[in-house]
Amino acid sequence: MSLVVIGLSIGMLLFLLAVGLTLIFGMLGVINFAHGALYMLGAYLAYQTVQWTGSFWVALVAAPLIVVAMAAAMEFVAIRRVYARDHFYQVLLTFGLILVIDELVRSVWGLQAKLLSAPPGLGSSVSLLGSDVSAYRLFLIGFGVVVSLVFFLVLERSKVGMVVRGCNHDSEMAACLGIDVAKVRTWIFAIGSGMAALGGVAAGPLYPVDTNMGFAVIIDCFMVVVIGGMGNIRGSLAGALLIGMIRAVGQRYVPELIGVLTYLLFIGVLLAAPQGLFSRRMRQA
Amino acid sequence: MQKIRLAGAALAVLAFAHPAGAQDAYRIAGVISLTGPLGFSGISFKKASDLAIEMHNGGKVGGAWEDDESKPQVTAQKGAKLAAGNPDLMLGSATTPSTLALMKITEQRKIPHLITLGGGDPITGAAKTAYAWRTTIRLDMENRTGAAYVRQMKFKKIYGVSFDYQVTRQRWDAFKQLVLSTSETKIAGESFSPVDNMDFSLIIENAIRSGADGFWIDLPGTVGTAFLKQAAQVNLKGKMKLFGPVVVDDEAAAAIGDGALGVSTGTRWHWSLDNPESKKFVEAFKKKYNELPDQYAGEAYDGLAWWLAHVEKIGTFDKEKLLQGFATSTWEKSIKGKKVMRACDHQALQVGYWGEIVAGAAGGPKYVLKITATFPPEDIFPPCQ
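For the record, the sequence lines run as chains A and B.
Mapping to the numbering used here: the first sequence position 200 is 200, numbers consecutive.
Mapping to the numbering used here: the second sequence position 286 is 286, numbers consecutive.
Keep in mind that the hints are not guaranteed to be accurate.
[To be verified] Just a sample of chain B residues kept apart from chain A, beta carbon distances all over 12 Å, derived:
#: 1; residue: A76
#: 2; residue: L180
#: 3; residue: F200
#: 4; residue: Q230
#: 5; residue: A260
#: 6; residue: A284
#: 7; residue: T372
[As the list claims (entries may be wrong)] Simulated crosslink set (SDA-like; lysine to any residue; CA at most 20 Å straight-line):
#: 8; chain 1: B; residue 1: K47; chain 2: A; residue 2: S125
#: 9; chain 1: B; residue 1: K237; chain 2: A; residue 2: G54
#: 10; chain 1: B; residue 1: K288; chain 2: A; residue 2: S125
#: 11; chain 1: B; residue 1: K239; chain 2: A; residue 2: S125
#: 12; chain 1: B; residue 1: K241; chain 2: A; residue 2: S125
#: 13; chain 1: B; residue 1: K366; chain 2: A; residue 2: G54
#: 14; chain 1: B; residue 1: K237; chain 2: A; residue 2: S131
#: 15; chain 1: B; residue 1: K81; chain 2: B; residue 2: H56
Simulated from the structure, these hints should not be mistaken for laboratory data.
From the three backbone atoms N, C-alpha and C, an ideal C-beta is built for every residue, glycine too.
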């Protein structure tokens, strides 16, 4: 039982982080290497919010909102200038953003890791079918389900989602129909970055809040996006849960092979379904 | 005072009262990790080294530092750049691979190399050089202090976790052998975590299922912090005693929270030690930097202070004479009481400390490592090979 809970919690955390990248990479075509740095920034902002307010729940809302605002500014000032450019320029620009965010964090909070605790009531364990599982991990699973449902409903069942999908499929036609494509792109980048920050807040009670946390997750994020299919929220969820379960099973039985198993899955998907496991084939004519 | 540069290869000079000879200034250079995962130790190292120069020279002088970004290949590049200026002393680095890379350069250039942080056994073992001398601990010493703790606690069974990495697997094997040969304690199980893994929940569950009453955690730095945070969420310390070679200190405990209370660990030094030299250093550090020194600062300061006192005593800057004299040097003013250099392997013999995280006093750090045992050098250093 604990293996399932742990695998799901790892997967949900990865989903929270990767769904933002799915939006940005899948819908804007931008390779955003700064996604991990925004995840880290979210965790630090959450730490500071807790220091000021004493509440993890306030931090869970405030930190992503702050990053949404910052990311909107980043998109307006820098990112939108590279949409039409080669991916190489996007990589260079977003790598530069990593350095800026890293230095900002270091100068404000220093080099020592910070403490972000689980909120009261979620800091202990729960007995489930003979195993002690962390209450916070159960919360993560539930929270991840709620977030995925919200994304699904908004993107697939709402007018806002229709506009976003329209801009993704054919931005010129969307513009002809009167949609402000530039504004939609700003919102996609901002919300995607906000999701990275949300992932950072959610990860804070489990992992140390330190300046290296972003590097540890960015590769996993890109793998989730590729496995699930670019721009595909359902695919992100499935990809994240797959990787989460592989890590959990690996930890239990063959911890030294966790990396190998994960990359084997990634290679397998690239060979068998390079468009992603859940991408739909689009009609060409 | 010289500004500290993170790039560039120029050397700063240290105004040093030298009784004779053409050279007036003693030149020190250092390659340390000021950024990257080990940046926190490098910053401490640099602050303490600057303080050692200041306290043992009477003037305000800076050193020339290069940042190796916690990467051995960068250590080699920056070390070569600094070595080209022929400094009188080289310091660094933080990790064993970086230190070994720097040792090759200092051996080639015949530059005395003082190792005040890197603890890997090969540094004074298989990879020993004529120019590299270590004033800090050896990592296998931590195995011995840990095994002494196991005997003291009379554990029935212990579980162990370490990185899935050759050096750390070997260290665990050596620790297991020590425990099995010197106590009645059995080994309940072991896990090896990939170096980039930060989720330990199933390893923790494996340990609980093993029925162990002690858990040896050889996961240093932020990885150890992640482990203890996750262990706290299932109240692991309520089921077994958590301990390890360098699993936690005051700063890590602050990032873990109450889950760090009661965790036992080895440490190189602690600011609370009650001896005059240690107190003098702590006061000076607090006055200069408005913070308490950590164990890396303590070791960096002590090693360089020893060397500078040795230079004063020998009365020459001649590198070969200094090295010859250092081989039989004793440091009576160590912040750890006393250190004695061992000529056979260039390793300073010194005491080992063991402690436990407790709640700090009002007005001080929230969590403090309380020293609970001190081990004499003869108990924790193996004889020279």
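Each hint tested on the structure:
{"no.": "1", "hint": "A76", "in the structure": "holds, 22 Å"}
{"no.": "2", "hint": "L180", "in the structure": "holds, 23 Å"}
{"no.": "3", "hint": "F200", "in the structure": "violated, 8 Å"}
{"no.": "4", "hint": "Q230", "in the structure": "violated, 6 Å"}
{"no.": "5", "hint": "A260", "in the structure": "violated, 10 Å"}
{"no.": "6", "hint": "A284", "in the structure": "holds, 21 Å"}
{"no.": "7", "hint": "T372", "in the structure": "holds, 24 Å"}
{"no.": "8", "hint": "B/K47 to A/S125", "in the structure": "violated, 42 Å"}
{"no.": "9", "hint": "B/K237 to A/G54", "in the structure": "violated, 26 Å"}
{"no.": "10", "hint": "B/K288 to A/S125", "in the structure": "violated, 44 Å"}
{"no.": "11", "hint": "B/K239 to A/S125", "in the structure": "holds, 13 Å"}
{"no.": "12", "hint": "B/K241 to A/S125", "in the structure": "holds, 18 Å"}
{"no.": "13", "hint": "B/K366 to A/G54", "in the structure": "holds, 17 Å"}
{"no.": "14", "hint": "B/K237 to A/S131", "in the structure": "holds, 16 Å"}
{"no.": "15", "hint": "B/K81 to B/H56", "in the structure": "violated, 27 Å"}
In this structure, the earlier hints numbered 3, 4, 5, 8, 9, 10, 15 are contradicted, and the remaining ones agree with it.
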